[in-house]
Amino acid sequence: MRKIIAIILLFILFFAVLSSISKIPFGISKTKVGKYYINNGIEQTGAVNIVTSVVLNYRGMDTLGEVTVLFIGAIGVMAILSTITRKTEKKFTPSSSILSTGCKFLFPFILLFGSYIFLNGHLSPGGGFQGGAIIASAFLLKYLGCYEKRINEKKFKVTESLGGLAFILIGISGLIAGGYFLFNFLPKGTAGILLSGGIIPIIYIAIGFKVGAEISGIIDNLMEES
Amino acid sequence: MIFVITFLVFIMLASAVFACISIDLLNAVIASGLVSLITAILFYTLQAPDVAMAEASIGAALVTAIFVITIRRTERKE
Numbered sequence: 000m001r002k003i004i005a006i007i008l009l010f011i012l013f014f015a016v017l018s019s020i021s022k023i024p025f026g027i028s029k030t031k032v033g034k035y036y037i038n039n040g041i042e043q044t045g046a047v048n049i050v051t052s053v054v055l056n057y058r059g060m061d062t063l064g065e066v067t068v069l070f071i072g073a074i075g076v077m078a079i080l081s082t083i084t085r086k087t088e089k090k091f092t093p094s095s096s097i098l099s100t101g102c103k104f105l106f107p108f109i110l111l112f113g114s115y116i117f118l119n120g121h122l123s124p125g126g127g128f129q130g131g132a133i134i135a136s137a138f139l140l141k142y143l144g145c146y147e148k149r150i151n152e153k154k155f156k157v158t159e160s161l162g163g164l165a166f167i168l169i170g171i172s173g174l175i176a177g178g179y180f181l182f183n184f185l186p187k188g189t190a191g192i193l194l195s196g197g198i199i200p201i202i203y204i205a206i207g208f209k210v211g212a213e214i215s216g217i218i219d220n221l222m223e224e225s
Numbered sequence: 000m001i002f003v004i005t006f007l008v009f010i011m012l013a014s015a016v017f018a019c020i021s022i023d024l025l026n027a028v029i030a031s032g033l034v035s036l037i038t039a040i041l042f043y044t045l046q047a048p049d050v051a052m053a054e055a056s057i058g059a060a061l062v063t064a065i066f067v068i069t070i071r072r073t074e075r076k077e
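Protein sequences appear in the order of chains R and D.
Residue numbering for the first sequence follows numbering that gives the first Met the number 0, starting at 0 and increasing by one per position.
Residue numbering for the second sequence follows numbering that gives the first Met the number 0, starting at 0 and increasing by one per position.
FYI, nobody ran anything at the bench for these hints, they're computed from the structure.
Treat the numbers as computed from the prediction; the structure is a model and nothing was measured.
Built from N, CA and C at the ideal position, the CB exists for glycine as well.
Treat the hints with care, as some may be off.
[As the list claims (entries may be wrong)] Partial chain D-side listing against chain R, Cβ under 7 Å, derived:
#, residue
1, D49
2, A53
3, I57
4, L61
5, V62
[Stated by the list, open to error] If you anchor each label on the Cβ, the simulated ranges turn out as follows:
#, chain 1, residue 1, chain 2, residue 2, range
6, D, Y43, R, K22, 20 to 28 Å
7, D, E74, R, G178, 52 to 60 Å
8, D, R71, R, I6, 22 to 30 Å
9, R, S96, D, Y43, 35 to 43 Å
10, R, I6, D, V3, 22 to 30 Å
11, D, L45, R, V68, 22 to 30 Å
12, R, K153, D, T73, 21 to 29 Å
13, D, T73, R, I74, 28 to 36 Å
14, D, E74, R, D61, 20 to 28 Å
[Unchecked claim] Here are the computed lysine-lysine pairs in the DSSO-like style, where the Cα-Cα straight-line distance is at most 30 Å:
#, chain 1, residue 1, chain 2, residue 2
15, R, K187, R, K34
16, R, K103, R, K156
17, R, K141, D, K76
18, D, K76, R, K2
Next up, chain R with everything else stripped away, as it sits in the complex (with noise of 0.2 Å):
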C-alpha cells in the first residue's frame, strides 16, 4: 500500500514538473541578474568560472549556509551513532594482495585529483564541493580495500573545524578591510592564472578541506562506530 501512495506521488510529482516546465521557453534567459553576472563577473571577481563568482563572491553568504548544514548533518550522524552500543566485537578479513595494493597505488592519485579540482575551482568547472567529496571516496577506497587500521577520528575534526573557522575569518577580515561580509579584499590579478580571484582560491581550499574531512567522517563512523 505504501509503495502504490509513493508511485503515485512520483507521477503527481512527473505530471506536475512537466506541466510547469513545458511553459517556460527553454535557454532564453528571464531575469536581468544572470546577464549581468555574465556581462560583469570576470571583471568584478576575477575567476574565469562564473558559477564560482557567483557561489562564493555575489552569494558567498549561502556558501556559508549550505556548508553549515553539511556540517549539522554529520553531528547528527555522529549523534545517533554514538548511542548505538556494538554489539559483536567486529573482525575482518585481510583483503587480498593484489586488492589492498591497488588501493594503495589508487589513494594518493584520487587525493590529488580532489585537490587539482578544489584548486582550480576558479578556473574550471568544479570547486570545494566537488572536490572534497573526492577526496572522501579516497578514504571510502581506503576503508573498503585496504583496511588495516582505524584513521584517528580526531584529525578528522579539528581539519573541519579548522576549514569552517578560516572561512568565516576570511570573511571577517573582508569586514574589516572593504566593509562587508566576504569582501574580496586580495588583489584580482590576471584573469585566467592560478593566483586569480583574490580570496576565491582560499576559500574553496577551506571549502575542500571541511567537506572531506566532514564526508570522510560520516563514512568513518558508518563504518566503525555501529
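Based on these hints, arrange chain D on the given structure of chain R.
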C-alpha cells in the same frame, strides 16, 4: 541526440519506479544510484558541468556507498 536523452530519461523513470517497488533494498539502492548517474549525464548535456560533477560524486558514489554500509548493518529485505 534527442533520442538518446529520451532513452536515458525513460531508463531513469523506470529505475526510480523500481527503487520504490523493490523488496530487496540493495537493488533499490543500486537503482537510485543509477537515477543519480543519469541525472549527472543530463546535467552535462545541459551545459552544467559543475552540477554534474557534484551529482556524480555525491549522488551516485557516496550516497550509494553510505546506503550500502547501512544495509549491511541492518536488514537487506524490507
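Would you list, in rising numerical order, the hints stated earlier that this structure does not obey?
Numbers 5, 13, 14 - these are the hints that the structure violates, sorted from lowest upward.
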